[in-house]
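Enquirer: The primary structure of each chain is shown beneath.
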Amino acid sequence: MSWSFLTRLLEEIHNHSTFVGKIWLTVLIVFRIVLTAVGGESIYYDEQSKFVCNTEQPGCENVCYDAFAPLSHVRFWVFQIILVATPSVMYLGYAIHKIARMVEHSETDRRIRSKSFSMRWKQHRGLEETEEDHEEDPMMYPEIELESERENKEQQAPAKAKHDGRRRIREDGLMKIYVLQLLARTTFEIGFLVGQYFLYGFEVSPIFVCSRKPCPHKIDCFISRPTEKTIFLLIMYGVSGMCLLLNVWEMIHLGFGTIRDTLNNKRKELEDSGTYNYPFTWNTPSAPPGYNIAVKPEQMQYTELSNAKMAYKQNKANIAQEQQYGSNEENIPAELESLQREIKVAQERLDLAIQAYNNQNNPGSSREKKSKAGSNKSSASSKSGDGKNSVWI
Amino acid sequence: MDWGSLQAVLGGVNKHSTSIGKIWLTVLFIFRIMILVVAAERVWGDEQQDFVCNTLQPGCRNVCYDHFFPISHIRLWALQLIFVSTPALLVAMHVAYTRHEKKRRFRNGEKIDIEELKNEKIHIRGPLWWTYTSSIFFRIVFEAVFMYVFYYMYDGYQMPRLVKCNAWPCPNTVDCFVSRPTEKTTFTIFMLAVSGICMMLNLAELCYLVIKICMKESRKTT
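The listed protein sequences correspond, in order, to chains A and B.
Using the UniProt record's numbering, read the first sequence as starting at 1 and increasing by one per residue.
Using the UniProt record's numbering, read the second sequence as starting at 1 and increasing by one per residue.
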């Protein structure tokens, strides 16, 4: 087990990066890890055994080698690779955690919603089978139930979905952390480049003059393979510089992309402002609100129900439209909340209407209940007055 | 040293840990095991060959090396990593036992969904909470013990450049020189820092678990 663990993690990060991020990861793996593992091995294996000093004094070689290389090049590069890869690994952990939670939430929400709706509608359908004019009702239930089932299946499919690309990252709400890890990476990169310069300079000289105790005086020590080490050092400088440039490019890419996206969104919002604020869209065909009242005056509870149903349909159309024109990340949660509130309101109205209907049509109802029903009827009638208004949400 | 098998075992434990536990595991793999295998073993590779003493007396070098380095740092770190990873196995065993029990009940006729059983996310409560918490406690204890052993055995965390040796058969006090002392000191301090971070993570996880259970209890009573 050597570099395999880190390389496997880095490959996993591929699925959560932008396009430039993927290039950076590839450069990191191919140029740095492989070069360090392979080149470092073969060039530096005899760095101490072939470090020869011009003295017979025992211990002088050890001491001079220690003075020459407090930290060997290879170990320095190992630290560099690990520390530069750490922000990405942290981001991966956070992204997976957050996405898993998002999937859980949306699954439970959908399950709750679909279950409650299908229960209510089944109940409603059973009660209303005696009624005649309900062509639209049976059409509504299967369509909506099927939809919710389909959505459930979609949600369950993709643990391995890709969350890469700038837009997807923003949709998932991970943009801030992504930028943070990018900045951390860049900082580490710069820090290590500067450190490498101060520790090793740009060249490995063939001779090192040492005068530490117990060396008796100034002695020459000779380094093994200095030219090869110099070339390797310069290559690693180049690779670090390239990674730094890639980080800068990614920041620019994200910055310009964000600006472009916000401009596009603003343009789209301006275009839709007409239809956006309109509560009633012309896409969904529905009877005008007062129609059923006019046609069947004696069935007031049905009217109430159909009004509530139309209100619900209206809300669905609104939701569909808003989702179509997807807004910015910050606006989405607020809008979703308001939509959910509207749906809840419509749902409550449906419930009340069903209750009212139940109380009215209950065969074993006592007189009290009938009087209650009477009061309900009056309340329902008053509500139908409200119901008429409630359609225009 | 075969760290791959340890990694395979610990990877399984990952599924049943809290988030802090997962961070701890990542730190363990990347900053400790990986550094140990890829870098530290190279640094200590020639520690005996390049341990040079200012004497021609045969055997003196061997004896002096043995006197000053009873257990090499690398082996101590490997022991520390194994001891620190072992409590996690307790948790894995407990989870496996719970699953086994469920399977047995299923076979005896109770209606449990097998698909659900396989993918079930096991929550940390009840007896599993006790197992998990005691495993974290032992982890902390082992980390602390090993940190102290390092300090005691090598008189601090710095690798000396020169050691004076008097053991028989060395004729008198002899100067012996350690190879790569600065690099070894750097690695010792790095590994010490990462052990400290791991201990902090374990403490944080312990506090988190205790607070969670206290809040749950208080919610039940109110």
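No wet-lab data here; the hints were simulated from the structure.
Quick caveat, the model's predicted, so the values are computed rather than measured.
Ideal Cβ placement from N, Cα and C applies to all residues, glycine included.
There could be a bad hint or two in this list.
[What the hints assert, rightly or not] With the Cβ distance kept under 8 angstroms, some of the chain B side facing chain A (calculated, not the full set): (1) Gln7; (2) Thr18; (3) Ser19; (4) Phe83.
Enquirer: Given glutamine 7 of chain B as an interface hint, is its Cβ closer than 8 angstroms to any Cβ of chain A?
Expert: This hint holds: glutamine 7 of chain B lies near chain A, its Cβ roughly 6 angstroms from the closest one there, short of 8 angstroms.
Enquirer: Quick check on the hint: phenylalanine 83 of chain B CB to chain A CB, less than 8 angstroms?
Expert: Because about 19 angstroms separates phenylalanine 83 of chain B from the closest Cβ in chain A, which is outside the 8 angstroms limit, the hint is violated.
Enquirer: Would you settle whether the hint for threonine 18 of chain B is holds or violated, based on the nearest Cβ-Cβ distance to chain A being less than 8 angstroms?
Expert: Given a least distance of 11 angstroms, the restraint on threonine 18 of chain B is violated.
Enquirer: Holds or violated: is the Cβ of serine 19 of chain B closer than 8 angstroms to a Cβ in chain A?
Expert: holds (6 angstroms)
Against the hints set out earlier in the document, violations occur for numbers 2 and 4.
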